[in-house]
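Line by line, the protein sequences are chains V and H.
Those letters in the first sequence? Residues 0 to 498, by numbering that gives the first Met the number 0.
Those letters in the second sequence? Residues 0 to 290, by numbering that gives the first Met the number 0.
A hint or two may mislead.
[Stated by the list, open to error] Computed list of lysine to aspartate or glutamate pairs in EDC-like fashion (alpha-carbon distance at most 20 angstroms, straight line):
1) H:K115 <-> V:D360
2) H:K150 <-> H:E61
3) H:K86 <-> V:D9
4) H:K118 <-> H:E142
5) H:K58 <-> V:D360
I should point out that these hints are in silico values taken from the structure, not numbers from a laboratory.
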Amino acid sequence: MAAVQRPSMDDVLPRVGREAALAGLVTLALTATMVGLHTVPGAQSRLTLEFRFGDVLMAVVLVFFGRMALAFTREGFPAYGLGIGVLIVAGSLLYPGLPTVVEIMGVGAGAIVGINAVWRLARPMRPDRPPPKTSAQLMDDVAAWVQRQSVVIGVVGVAFAIALPFLFPDRSSIDLATLVMTYIMLGWGLNIVVGLAGLLDLGYVAFYAVGAYSYGLLAQYFDFSFWLCLPLAGLLAAFAGLILGFPVLRLRGDYFAIVTLGFGEIIRVVLQNWSSFTGGPDGIASIPRPSFFGIAEFTSAPEADGLPSFHTLFGLEFTPLHRLIFLYYLILILALVVNAVSLRIRRLPLGRSWEALREDDVACQSLGINRRNIKLAAFTISAMFGGFAGSFFATRQGFISPESFTFIESAIVLAIVVLGGMGSQTGVVLAAILIIGMPELFRELEEYRMLIFGAAMVIIMVWRPRGLLAHRVPTVTLHGGRRKGGPSPGQRPEQVPAE
Amino acid sequence: MIDVQAPLLTVDHLTMRFGGLTAVDDVSFQAGATDITAVIGPNGAGKTTMFNCLTGFYKPTEGQLALSRNGATHYLERMEGHLIAAKAGVARTFQNIRLFANMSVLENLLVAQHNKLMKASGYSIAGLFGLPSYRRAEREGIELAKYWLDKVRLTERADWEAGNLPYGAQRRLEIARAMCTNPRLLCLDEPAAGLNPRETGELNELILSIRSDHEVGVLLIEHDMSVVMKISDHVIVLDYGRKIADGAPEAVRNDPAVIRAYLGEEEDDALPPDVAADLARDAAQPRDPGA
Chain V
0 MAAVQRPSMD
10 DVLPRVGREA
20 ALAGLVTLAL
30 TATMVGLHTV
40 PGAQSRLTLE
50 FRFGDVLMAV
60 VLVFFGRMAL
70 AFTREGFPAY
80 GLGIGVLIVA
90 GSLLYPGLPT
100 VVEIMGVGAG
110 AIVGINAVWR
120 LARPMRPDRP
130 PPKTSAQLMD
140 DVAAWVQRQS
150 VVIGVVGVAF
160 AIALPFLFPD
170 RSSIDLATLV
180 MTYIMLGWGL
190 NIVVGLAGLL
200 DLGYVAFYAV
210 GAYSYGLLAQ
220 YFDFSFWLCL
230 PLAGLLAAFA
240 GLILGFPVLR
250 LRGDYFAIVT
260 LGFGEIIRVV
270 LQNWSSFTGG
280 PDGIASIPRP
290 SFFGIAEFTS
300 APEADGLPSF
310 HTLFGLEFTP
320 LHRLIFLYYL
330 ILILALVVNA
340 VSLRIRRLPL
350 GRSWEALRED
360 DVACQSLGIN
370 RRNIKLAAFT
380 ISAMFGGFAG
390 SFFATRQGFI
400 SPESFTFIES
410 AIVLAIVVLG
420 GMGSQTGVVL
430 AAILIIGMPE
440 LFRELEEYRM
450 LIFGAAMVII
460 MVWRPRGLLA
470 HRVPTVTLHG
480 GRRKGGPSPG
490 QRPEQVPAE
Chain H
0 MIDVQAPLLT
10 VDHLTMRFGG
20 LTAVDDVSFQ
30 AGATDITAVI
40 GPNGAGKTTM
50 FNCLTGFYKP
60 TEGQLALSRN
70 GATHYLERME
80 GHLIAAKAGV
90 ARTFQNIRLF
100 ANMSVLENLL
110 VAQHNKLMKA
120 SGYSIAGLFG
130 LPSYRRAERE
140 GIELAKYWLD
150 KVRLTERADW
160 EAGNLPYGAQ
170 RRLEIARAMC
180 TNPRLLCLDE
190 PAAGLNPRET
200 GELNELILSI
210 RSDHEVGVLL
220 IEHDMSVVMK
230 ISDHVIVLDY
240 GRKIADGAPE
250 AVRNDPAVIR
260 AYLGEEEDDA
270 LPPDVAADLA
280 RDAAQPRDPG
290 A
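One chain only, chain V, in its complex shape (with noise of 0.2 angstroms):
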């Protein structure tokens, strides 16, 4: 066997120097002022200066010294790496006097990077051997191991998602929970024209404050029952999601893009100026709770309105929880309606034909495909799933205002559907999960979650920009779904037409 070809430290020494000044020098020109000076109000209310130069050195270091260790483990002297990665860590634990925030992120950054060199230690490069997998390509083979277990993972998830509340019988875990599936819902929703048929709807917010004033409104005005007032809201925000639909469906790409985002505003606007109708900025209060299917109320009292109270229908004890575990299965119930629905739909001509308009719409005109049609069933079906969220958001709320419909909504279900894999509805669930549970989860963090979040959005786009979970199956199959040595994704060869 042919001896490994070493680099000489000589050679490497100065690269890696040169590498590690460079990082540093960028540091510093970040954060020299954004995080040396700082404002403070001072005497008569003026504001002054403070200058935290302390800080900007211990950042210039850590990065120093990091981006170093990083670069010896790639130019093969990984045992340096996990040293000066052993150094950071001790550094930041030992030396005395280090804000909490900076020995966390020295001890994090110090981890990151002599576990990089442990992995390269462990497995070091020799030409006898295939490369190792690198992580992109592990992560395809997750996603496509997920897909495969699709079924065990399903009823897997879904029967913890019914025990949820009996493993956690408290008021906050099952708001979380209940907050979160009303994501999952919402990204479910946003899936179908997004993930299936490759419309970017920045709008999606629309259809869910259609659906949460449709009941806010006829309960208000008209007395309706919250079960009679779910289907009406489906209907009216499929209405809404089918007007809204006509005139955006002839653009295409970034046009479609912001003319939905631009609707999604109109219809948060007029809800905030229209006050003699919808109460304007000050919302609905007091929206009907939904009673146990009309056959119960959850009161404390053994009757209201004429209906028995939950807990002495069924002989328990009075617990304010009864409704909020009514609710989280609620949601789980429409969820889990609106994914039967859309795993049915995408192994319909419909389904296949809104795959094919995402890969490629000129065709799907040769093909006889009436693009506009299916493009507004796509639209309006996601539209009243919307719409059904909203109502039960509604209806769980008891009190709905504009505020709650904001552009960030949309951004967020969005960002819940491309971050979990573009059409993969299991993706969409670990994305909810991420992006709305982690950040509720980690509230003692403060700003710095956001700080957190925004990074690992980045990092999720660079390392995996077709999403976390993305790996498609076919449809239907002609030899059980055996690829018979087809190349994955990743490695299509190279195509080049000759002319």
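Fit chain H to the given chain V structure using the hints.
Frame of chain V; chain H shown alone:
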């Protein structure tokens, strides 16, 4: 101009202008019911523009495009793009292949049967509940797809992603996909581009068998003369948007206007020797007996 008996397609005074540029200039021709009609011409002659007018991607500036199918006449220039494929039965392939790359080969062929299957699925309502009528229709759809997979020798790779197929197989799949729409007129835009000679030979056989086994007229844009001369019944030559020749392959090959369009305004004896030899050899070659 050849007068075709019972023409499938009659193009009358077709003109397509883009601003000041006249891409197709007053072109008229007819294509026979089950003929293979080749449209040839140098680059930029307006062949693909004409195809785009025929298949509804452009609205022609002037002219009439009449296609007769089952006794009815469809005027393509007045129809919406997708109806040209759905109602008039004009299917096409693209010069730069346009498959649904991330969908499987079989799915590509099922998307082509969209209108039929959509109706069978009760516009998705019957399909959502899995009614037997839809299941039967889907099975039939898969059978049709299987027939075409067999025909283009892709049965083994039916579950591959279409984008992973080798180039030649993608060309064949695109033709199979167009045929799954059950067309009356099949428009092939440079089907032999990028194929090696063996694949080109197979393509010729495929086109001939499509024409003989199914009631389909074929309109073909092609630069590869081994395809044009071997299989076509009728050749139309465009140059700078104008039709300069129209007739049987032999007649067109010897047409001085065509030679001039391809080789420039030079004296005959100034032809490069290899080109002259090529032309002579082509002329001596007997036509494919199947054509």
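For each hint, the structure was consulted:
For the given pair, K115 of chain H sits about 19 angstroms from D360 of chain V by alpha-carbon distance, which is consistent with the 20 angstroms threshold. The hinted pair formed by K150 of chain H and E61 of chain H fails the criterion: a straight-line CA distance of about 39 angstroms is larger than 20 angstroms. Our distance criterion of 20 angstroms between C-alpha atoms is broken by K86 of chain H and D9 of chain V, whose separation comes to about 75 angstroms. At roughly 18 angstroms between alpha-carbon atoms, K118 of chain H and E142 of chain H fall within 20 angstroms of each other, so this suggested pair holds.
For a cut-off of 20 angstroms, the pair hint linking K58 of chain H to D360 of chain V stands: about 18 angstroms separates their Cα positions.
In summary, the structure is inconsistent with hints 2 and 3 from the numbered list given earlier, while agreeing with the others.
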